[in-house]
Amino acid sequence: MSLNIRTYHDLTEADRSGLAGQIGAQRRRVAARLASVRRVVAVLSGKGGVGKSFVTAGLARALARSGRAVGVLDADFNGPTIPALLSLPVARCTLQDDAIEPAVSAEGVRCFSMALLLEDGRPLAFRGPETEGFVWRGALEAAALREFLADVAWGALDELLVDLPPGVQRFQELSELLPVVPDVVAVTIPTLESRDAVRRALRAAIDRKATPLGIVENMVGGPFAGSAADELAAEFGIPLLARIPFHPGDGVWDGMVRGAL
Amino acid sequence: MKFLCVECDRQMQFEERQLPGDGTLAAAFRCPSCGRVVGLLTNPMETQLVASLGVKIGGTTLPPQPMETVRGMVATGREDAFVEDGKRETGNVPVWSAEAQERLARVPSFVRGMVKRIYLDYAKDRGIAEITPAVMDTARTELGLEGM
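Those protein sequence lines, which keep their order, are chains A and B. Position 144 of the first sequence, counting from 1, maps to 144 under my numbering, and the rest follow consecutively. Position 130 of the second sequence, counting from 1, maps to 130 under my numbering, and the rest follow consecutively.
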């Protein structure tokens, strides 16, 4: 005899656990914190080693010099470098009632990063059972991203730049957490290999309804040959924001802000 | 996750949560009609997965602490990563017994400030004047503070 069991959605009585309600409250906390942020811009690339963090930091500094209120959320939890690139000293993070004060660079860029929390030279490691860590580690990193968005006192910002790790997973998590899908700046180096990887990342972002603001080509004029940025800009119909040489001066970044951002 | 008493065709209600301290979790659910109780038992991986989502089976009674999951779960955090601004210590602040202070001192310093805050808020909410190990045990179970 088979039992006549109602389905999950058939059961509608209030439940003290309210797990769906707890998730909803988390999302509302993110939205409330970012209500004073005019625009979130994700800096992405499908490729590692193209200088996303370098570009993010240079862009943030230029935005601050132009008079805009800017923050950087370093979402590369396993290789966080933004504090070093912004010349931020490692200092204690001040806890307020419901938020943590971000670090602030000499130019006024507000920043939060896992690098501010980790012991020197130690990798990001989580407490938990030693086996089957692959099951829960991704969920914990997504939770860290949510808390970096919701629990840092970002304040009123014109732009919050999110420096993403290589690939598209963190972008997808970011898109799901934010009330509005972020705009995107894609970073490539000139090579064809980079072009192909960045194409996939851009396509994934556009599939999620992100608006691509443009392409930045980094490490131009060095050993890397190719025309990745031109090809990507033409293919996606988006602007080439800047070509960044090795050792760029402030003028390169300032020009990018004046021209397109 | 919901539980149905098939015999009564009623949704069972969360009753109690227990954290034995070995990474597992036990939660009891009772049928409001016939009173039958069933237990949900999770292994350490399952317990961790639920905690990773930042939710608590049985619900929450205190507002979330800033970066609760990061501070509670990161094992390689700097000991002096956080400092409290101290503005919250108003009204009747519960005192800590010597045994409770000793126990608190064993909590890794990366997360100690948050754990201390959670126990203080718990005690203040309930008018408890002194935080003892027994109060910490009760709070830990009621609030679902695995490993704290």
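Keep in mind the hints are simulated off the structure, nothing from the lab. Each hint should be verified, as a subset may be incorrect.
[Said to hold, decoys possible] Beyond 10 Å from chain A on every Cβ pair, some chain B residues (computed): (1) 38; (2) 69; (3) 78; (4) 100; (5) 135; (6) 138.
[To be verified] In silico lysine to any residue, SDA-like type, Cα no more than 25 Å apart, as pairs: (7) 124/B <-> 68/B; (8) 56/B <-> 19/A; (9) 56/B <-> 177/A; (10) 2/B <-> 17/A; (11) 56/B <-> 36/A; (12) 2/B <-> 192/A; (13) 116/B <-> 227/A; (14) 2/B <-> 12/A; (15) 116/B <-> 61/B; (16) 56/B <-> 175/A; (17) 2/B <-> 92/A; (18) 56/B <-> 125/A; (19) 56/B <-> 23/A; (20) 56/B <-> 92/A; (21) 116/B <-> 93/B; (22) 56/B <-> 130/A; (23) 209/A <-> 81/A; (24) 116/B <-> 92/A; (25) 116/B <-> 2/B; (26) 56/B <-> 49/A; (27) 2/B <-> 20/A.
Even for Gly, the Cβ is constructed at its ideal location relative to N, Cα and C.
Taking the hints in turn, this is what the structure says about them:
For residue 38/B, the non-interface assignment is confirmed: its Cβ lies about 14 Å from the closest Cβ of chain A, beyond the 10 Å cut-off. Here residue 69/B does not stay apart from chain A, with its beta-carbon only about 4 Å from theirs, under the 10 Å limit. Residue-level check failed: residue 78/B sits 5 Å from the nearest beta carbon of chain A, not beyond 10 Å. Chain A leaves residue 100/B outside its interface by the beta-carbon criterion, the shortest separation being 21 Å against a cut-off of 10 Å.
Look at residue 135/B: its CB is around 22 Å from the nearest CB on chain A, clear of 10 Å, so calling it non-interface holds up. Every Cβ of chain A is farther than 10 Å from the Cβ of residue 138/B; the closest lies at roughly 18 Å, confirming the non-interface assignment. Restraint check: the Cα-Cα separation between residue 124/B and residue 68/B comes to about 19 Å, which is no more than 25 Å; the hinted pair holds. About 7 Å separates the Cα atoms of residue 56/B and residue 19/A, which keeps this hinted pair within 25 Å; it holds.
Restraint check for residue 56/B and residue 177/A: the C-alpha separation of about 19 Å stays at or below 25 Å, so the hint holds. Using a Cα cut-off of 25 Å, the hinted pair residue 2/B and residue 17/A holds, with the two alpha carbons roughly 9 Å apart. For the hint linking residue 56/B to residue 36/A, the alpha-carbon distance of about 29 Å lies beyond 25 Å, and the restraint is violated. Distance restraint check for residue 2/B and residue 192/A: the Cα-Cα separation of roughly 51 Å exceeds the 25 Å cut-off, and the hinted pair is therefore not satisfied.
Distance hint between residue 116/B and residue 227/A is unfulfilled; the C-alpha atoms sit about 56 Å from each other, more than 25 Å. Restraint check for residue 2/B and residue 12/A: the C-alpha separation of about 10 Å stays at or below 25 Å, so the hint holds. For the suggested pair residue 116/B and residue 61/B, the alpha carbons sit about 16 Å apart, so the restraint of at most 25 Å is met. Straight-line distance between C-alpha atoms of residue 56/B and residue 175/A comes to about 24 Å, which keeps the hinted pair within the 25 Å bound.
The hinted pair formed by residue 2/B and residue 92/A fails the criterion: a straight-line CA distance of about 42 Å is larger than 25 Å. The straight-line distance between the Cα atoms of residue 56/B and residue 125/A is roughly 22 Å, inside the 25 Å bound, and the hint therefore holds. Proposed proximity of residue 56/B and residue 23/A is supported: the alpha carbons are some 10 Å apart, at most 25 Å. Using a Cα cut-off of 25 Å, the hinted pair residue 56/B and residue 92/A is violated, with the two alpha carbons roughly 29 Å apart.
Only pairs whose Cα atoms come within 25 Å are accepted, and residue 116/B paired with residue 93/B is accepted, the gap being roughly 12 Å. Between residue 56/B and residue 130/A the alpha-carbon distance is near 22 Å, which keeps this suggested pair within the 25 Å criterion. Of the supplied pair hints, the one linking residue 209/A and residue 81/A is violated, its CA atoms being roughly 28 Å apart against a limit of 25 Å. Taking the CA atoms of residue 116/B and residue 92/A, the gap is near 18 Å; set against the 25 Å cutoff, the hint holds.
Under the criterion of a C-alpha separation no larger than 25 Å, the hint pairing residue 116/B with residue 2/B is inconsistent with the structure, at around 33 Å. A distance of roughly 39 Å separates the Cα atoms of residue 56/B and residue 49/A; the hinted pair therefore is violated under the 25 Å criterion. In summary, the hint linking residue 2/B to residue 20/A is supported, as the alpha carbons are separated by about 11 Å, within the 25 Å threshold.
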